[in-house]
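Student: Single-letter residue listing:
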Amino acid sequence: MFTDCVSQAFKLCLTGEEGCDLSYNSLTSEKAKTKLAERMKNSQEFSSTLFRVEPIGTEDNEVDADEDEEDSTIEYDEIDSSKTLDEEIGDLMTVSGVDDPSDEGEVCVGTDLDQFIGYEFSTQAATAAWMNWNAKGSH
Amino acid sequence: MIGIIVSHAPQMFKVTVMRKVHGRYLWDHFQCRDSFVTKFLRLEMKWSLRRSTRPGKKTPDNIQEILTDTFLRLVWAISKFNIRAVFLVNSDQTFVYYCAGAADTYAPIGSKQVEVVGKDEKRGFTLMVGISLSGEVLPFQAIFAGKSKGSLPTPGAPGYSKATEVLGFRFESSKTDNHWSTINTMKSYVTNILAPYFESHRKQLDLPNQICIWQIDCWSVHRSLEFRSWMSATFPWIRIHFIPANCTGLFQPCDVGIQRVLKLAIRRSALKDIVDHTTSQLNSGVTPNQIIFEKKLPVVRDRSVQWLINGYEAINNPEIVQKVILLM
Numbered sequence: 089m090f091t092d093c094v095s096q097a098f099k100l101c102l103t104g105e106e107g108c109d110l111s112y113n114s115l116t117s118e119k120a121k122t123k124l125a126e127r128m129k130n131s132q133e134f135s136s137t138l139f140r141v142e143p144i145g146t147e148d149n150e151v152d153a154d155e156d157e158e159d160s161t162i163e164y165d166e167i168d169s170s171k172t173l174d175e176e177i178g179d180l181m182t183v184s185g186v187d188d189p190s191d192e193g194e195v196c197v198g199t200d201l202d203q204f205i206g207y208e209f210s211t212q213a214a215t216a217a218w219m220n221w222n223a224k225g226s227h
Numbered sequence: 053m054i055g056i057i058v059s060h061a062p063q064m065f066k067v068t069v070m071r072k073v074h075g076r077y078l079w080d081h082f083q084c085r086d087s088f089v090t091k092f093l094r095l096e097m098k099w100s101l102r103r104s105t106r107p108g109k110k111t112p113d114n115i116q117e118i119l120t121d122t123f124l125r126l127v128w129a130i131s132k133f134n135i136r137a138v139f140l141v142n143s144d145q146t147f148v149y150y151c152a153g154a155a156d157t158y159a160p161i162g163s164k165q166v167e168v169v170g171k172d173e174k175r176g177f178t179l180m181v182g183i184s185l186s187g188e189v190l191p192f193q194a195i196f197a198g199k200s201k202g203s204l205p206t207p208g209a210p211g212y213s214k215a216t217e218v219l220g221f222r223f224e225s226s227k228t229d230n231h232w233s234t235i236n237t238m239k240s241y242v243t244n245i246l247a248p249y250f251e252s253h254r255k256q257l258d259l260p261n262q263i264c265i266w267q268i269d270c271w272s273v274h275r276s277l278e279f280r281s282w283m284s285a286t287f288p289w290i291r292i293h294f295i296p297a298n299c300t301g302l303f304q305p306c307d308v309g310i311q312r313v314l315k316l317a318i319r320r321s322a323l324k325d326i327v328d329h330t331t332s333q334l335n336s337g338v339t340p341n342q343i344i345f346e347k348k349l350p351v352v353r354d355r356s357v358q359w360l361i362n363g364y365e366a367i368n369n370p371e372i373v374q375k376v377i378l379l380m
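These protein sequence lines map, in sequence, to chains A and B. Here the first sequence stands for residues 89 to 227, numbered as in our numbering. Here the second sequence stands for residues 53 to 380, numbered as in our numbering.
Check before you lean on any hint, since a few could be wrong.
What the hints assert, rightly or not - Estimated spans, in silico, between C-beta atoms of each pair: (1) B:S252 to A:M128: 32 to 40 Å; (2) A:D174 to B:K214: 17 to 25 Å; (3) A:K121 to B:F92: 51 to 59 Å; (4) A:T182 to B:Q63: 31 to 39 Å.
Note that these hints are calculated values from the structure, not bench results. Cβ atoms here follow ideal geometry from the backbone N, Cα and C, with glycine treated the same way.
Throw the hints in and build the complete structure from the sequences for me.
Tutor: Encoded structure:
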């Protein structure tokens, strides 16, 4: 079945219990309805919240809308801008257990290395220089 | 870095490397990734990355119970009001930087208490993103700091007509000195984007009295009595469902699945503008240490219109998703 980014986003919101996520299939499943019936039967308090629309808690680190922009803290989003959209969407679609396609595991191999002509190296030296450099200071 | 390599050593991009992607080894070409730049600056320039951060949110201890109850409230509402997937929308705000990497700076290794350079570089705007359970992406609302139309992208900005007339984006000023969404911009979002989206589907499906669900987080304006009272008085047929506080990273669909793709597309579009500008300077004889990055607010604000279009198309493009699936 074809799944798009948006549908996948809902599906990735998991309660922690198998088969319970925010996809339409899960929200309308018999399992979900059975679970709802059990919860309503066992908790009057829960049942009373169904008709009300109430916020649940307050966010930590909430930014004050009146805060001066100059004083506000920057939140780092850890987006690797060199990652391609295909890679990012691929990560999203594979749900879990995806290897990070960063270049930590990038290794120089193959005869095409001769194409590397750094302007202070000869073609041959460039290959060796690149490989030596890339091997330095690895995390 | 990319601009300098393109100008002085373009052959570098032809170096063949082996890359591990999704568990498979693929032949690929060298790419100037963030990790490469970080390593180059650390090894060659002796610079280390300094980053300003804020403490992470603490997830509640009884997280599974909280999320399960939230899930069951949605199950109940969907069943009770016979809600189809098009009638449930999740919206979330995110911040878009004009200057990529504005949270970072580099300083010589060993130096202490480094200020993140250029507070003005953190300038950006708030983007309101909405997605429906049926897979649709709603038009964006972008909120800019300022009190007049002069603080908005101009009609001459690249992509402006497409953004406003075709995609239905709304560019609005916050009427304050900062870019944060206010109760007025929230009302505008509901009136001009959310309600029309629901109305069009109610009309299309001939369900004029259909109840709809709007899922949002517990941000102060959302949970304010003033906003909730306005919602129930103006749009009583739109039920708000709150995502429990400090659970947005787990239970906010926009946060979990959309913002990273969207932000990456925006970031890459912004970087392309920088690379193009750098390359054109180098090609006209400017030396690398004399390169100037364009940071004038009106210029980057106008550029941001096209970034948003690219971001919207990245998350709303079944073709790209299909292509990725075929690659996997």
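Student: Would you mind marking each hint as holding or not holding in the structure?
Tutor: Against the structure, the hints:
1. B:S252 to A:M128: 32 to 40 Å: Given about 34 Å between the Cβ atoms, the range holds.
2. A:D174 to B:K214: 17 to 25 Å: 23 Å, holds
3. A:K121 to B:F92: 51 to 59 Å: 57 Å, holds
4. A:T182 to B:Q63: 31 to 39 Å: For T182 of chain A and Q63 of chain B the Cβ distance comes to about 33 Å; the hint holds.
Hint compliance for this structure: no hint is broken.
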